[in-house]
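Student: Input sequences plus hints: build the corresponding full structure.
Sequence order for the protein chains is A and B.
Note that my numbering gives residue 44 to position 44 of the first sequence, counting from 1, and the numbers run on in steps of one.
Note that my numbering gives residue 333 to position 333 of the second sequence, counting from 1, and the numbers run on in steps of one.
Please keep in mind that the hints were generated in silico from the structure rather than gathered at the bench.
Where hints are given, some of them may not hold.
[Claimed, not checked] Chain A is nowhere near these chain B residues, computed Cβ spacing over 12 Å in every case: (1) Lys-59; (2) Gly-263; (3) Leu-285.
[Said to hold, decoys possible] Label-pair ranges, simulated between beta-carbon atoms: (4) Asp-8(A) with Pro-268(B): 15 to 25 Å; (5) Tyr-36(B) with Cys-23(A): 20 to 30 Å; (6) Lys-181(B) with Asp-46(A): 30 to 40 Å; (7) Thr-370(B) with Lys-41(A): 19 to 29 Å; (8) Gly-24(A) with Thr-215(B): 48 to 58 Å; (9) Leu-245(B) with Asn-33(A): 22 to 32 Å.
Bear in mind the structure is a predicted one, so any value in this text is a computation, not a measurement.
From the three backbone atoms N, C-alpha and C, an ideal C-beta is built for every residue, glycine too.
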Amino acid sequence: MENLRYIDDVSTLVLDQDKCIGCGLCTEVCPHNVFELQNGKAEIVDFNACMECGACVNNCPSNALEVSPGVG
Amino acid sequence: MKESTGVSIMPTMNDTQTCCGVEPKNVLADYEKPGYTLCSFIENFIPTDIGPIPKIKTKMEKKDIKATILVRTGIGRDNYKIAPGLYGIGSPDKTSEVLVTANFKLTFDHLRRELNNINAWILVLDTRGVNVWCAAGKGTFSTKELVKRIKLSSLEKVVDHKRVILPQLGATGITAREVKKESGFRVVYGPVRAKDIPLFLENNRKADKKMRMVTFDFIERLILTPVELNVVLKPAIITTVILFLLSGFGPDIFSFSNAIQRGVILIPALFVGIFAGAVFTPAMLPYIPFKKFAAKGIISGSAFAILFLLSLSSIPGTAAYISLFLFVMAISSNLSMNFTGATPFTSPSGVEKEMKQFIPVQVISILLSTGLWIYSAF
Numbered sequence: 001m002e003n004l005r006y007i008d009d010v011s012t013l014v015l016d017q018d019k020c021i022g023c024g025l026c027t028e029v030c031p032h033n034v035f036e037l038q039n040g041k042a043e044i045v046d047f048n049a050c051m052e053c054g055a056c057v058n059n060c061p062s063n064a065l066e067v068s069p070g071v072g
Numbered sequence: 001m002k003e004s005t006g007v008s009i010m011p012t013m014n015d016t017q018t019c020c021g022v023e024p025k026n027v028l029a030d031y032e033k034p035g036y037t038l039c040s041f042i043e044n045f046i047p048t049d050i051g052p053i054p055k056i057k058t059k060m061e062k063k064d065i066k067a068t069i070l071v072r073t074g075i076g077r078d079n080y081k082i083a084p085g086l087y088g089i090g091s092p093d094k095t096s097e098v099l100v101t102a103n104f105k106l107t108f109d110h111l112r113r114e115l116n117n118i119n120a121w122i123l124v125l126d127t128r129g130v131n132v133w134c135a136a137g138k139g140t141f142s143t144k145e146l147v148k149r150i151k152l153s154s155l156e157k158v159v160d161h162k163r164v165i166l167p168q169l170g171a172t173g174i175t176a177r178e179v180k181k182e183s184g185f186r187v188v189y190g191p192v193r194a195k196d197i198p199l200f201l202e203n204n205r206k207a208d209k210k211m212r213m214v215t216f217d218f219i220e221r222l223i224l225t226p227v228e229l230n231v232v233l234k235p236a237i238i239t240t241v242i243l244f245l246l247s248g249f250g251p252d253i254f255s256f257s258n259a260i261q262r263g264v265i266l267i268p269a270l271f272v273g274i275f276a277g278a279v280f281t282p283a284m285l286p287y288i289p290f291k292k293f294a295a296k297g298i299i300s301g302s303a304f305a306i307l308f309l310l311s312l313s314s315i316p317g318t319a320a321y322i323s324l325f326l327f328v329m330a331i332s333s334n335l336s337m338n339f340t341g342a343t344p345f346t347s348p349s350g351v352e353k354e355m356k357q358f359i360p361v362q363v364i365s366i367l368l369s370t371g372l373w374i375y376s377a378f
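Tutor: Structure (structure tokens):
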């Protein structure tokens, strides 16, 4: 997958670290390893790999994540 | 054969050679019911507290493989499903894991093949015959459907634990905490690929980084191209008819002999464009420059257009040359862009951006190409 990257800087993914409780569920459901748990908080480590599938947003228990793709 | 005495209705009954076929050996299984046929992928039934549960075979049969090939080319793909509900694989008991999947037969076959020597329950959701990830995106592989299926199958009476394992890609349609709240069952996200399930279970339901990532290698890309081709077939035939008509315009206003003579060059051009955009770009995706698929399509389309023009025996003139080039390139660009819908890594925001940018380019190319084609007849 490293050699297949899509357009940079288009994803609508937003992480509110203040709301994050560090459960790590986003690191489990993301199919592109966008997140990593660092010091008990989720961190976006590969923003441009995000394909806006919404798995993290649906499963985040503290509403710390948001993604709002258009009709695309 | 003995002479019939007139009273015996089956004169050969005592003979070793029988005209009524061989002695029947297969006694009816007790699960056979009038009006029902056993699915070919069911071996027999597992007795449980809630009654018999169908046991799935892990081996694919010829019939399954044949159907797989057809579905991969797009034939019968929209109605290739199995009945949702609870199934078993191996010899599952009350402690066995519950694996959740979609009722697309291709998905189901893919899963059961990988579960040799595994004892588990398989809970099949009604996703209207669509695979897990697409169904999750479209909202049929959902929290609501999972909760409903857990209740309908009386899962709490089949297993002692309160755990269901979901394919990771189902997460797009599922909210784990709501499943827990409404059904009492905790969602555990398993690996992306079915082939990693045995290792995932061995490692106490832990998936490593690799199991959690989607891939899109050459074979995975190539296997999708027959469906891409199937989808363009109908528009391609309509386009062909239009092309013949367009080719008829000329100094005599319209002539059928012109239409045939000039149209004949356009047909291979159309297919070269389709091949470049729907087969070459997908297969060679990482090796073609640019990130935007439409741009990749311009590259592969231009390359194939040049090869095509060089292969022409007669020179149709500069205007026709440019027309053919633009035609092949625009088709390739558009079909390449279309392929974003089949990949596991393109974001809707990104696709929207490149569509806004490249659809105008494709439309202008086609209009220019049409104009030049008609002009070149004069």
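Student: Now tell me if each hint is right for this structure.
Tutor: Status of the hints after comparison with the structure:
Taking the minimum C-beta to C-beta distance to chain A, about 29 Å, the non-interface status of Lys-59(B) holds against the 12 Å cut. The claim that Gly-263(B) is not at the interface with chain A holds, since no C-beta of that chain comes within 12 Å of its own (minimum 37 Å). For Leu-285(B), the condition that its CB be more than 12 Å from all CB atoms of chain A is violated, with the nearest at approximately 6 Å. Checking the proposed 15 to 25 Å range against Asp-8(A) and Pro-268(B) shows it is violated: the Cβ atoms sit about 38 Å from each other.
Distance hint check for Tyr-36(B) and Cys-23(A): the Cβ-Cβ separation is about 46 Å, which falls outside the suggested range of 20 to 30 Å. Checked against the given bound of 30 to 40 Å, the beta carbons of Lys-181(B) and Asp-46(A), roughly 32 Å apart, stay inside it. Between Thr-370(B) and Lys-41(A) the C-beta distance comes to about 57 Å, which lies outside the given range of 19 to 29 Å. For Gly-24(A) paired with Thr-215(B), a C-beta distance near 23 Å fails the hint of 48 to 58 Å.
Taken as a hint, the range 22 to 32 Å is violated for the pair Leu-245(B) and Asn-33(A), whose Cβ atoms sit roughly 52 Å apart.
Violation of the numbered hints given earlier is confined to hints 3, 4, 5, 7, 8, 9; the remaining hints are satisfied by the structure.
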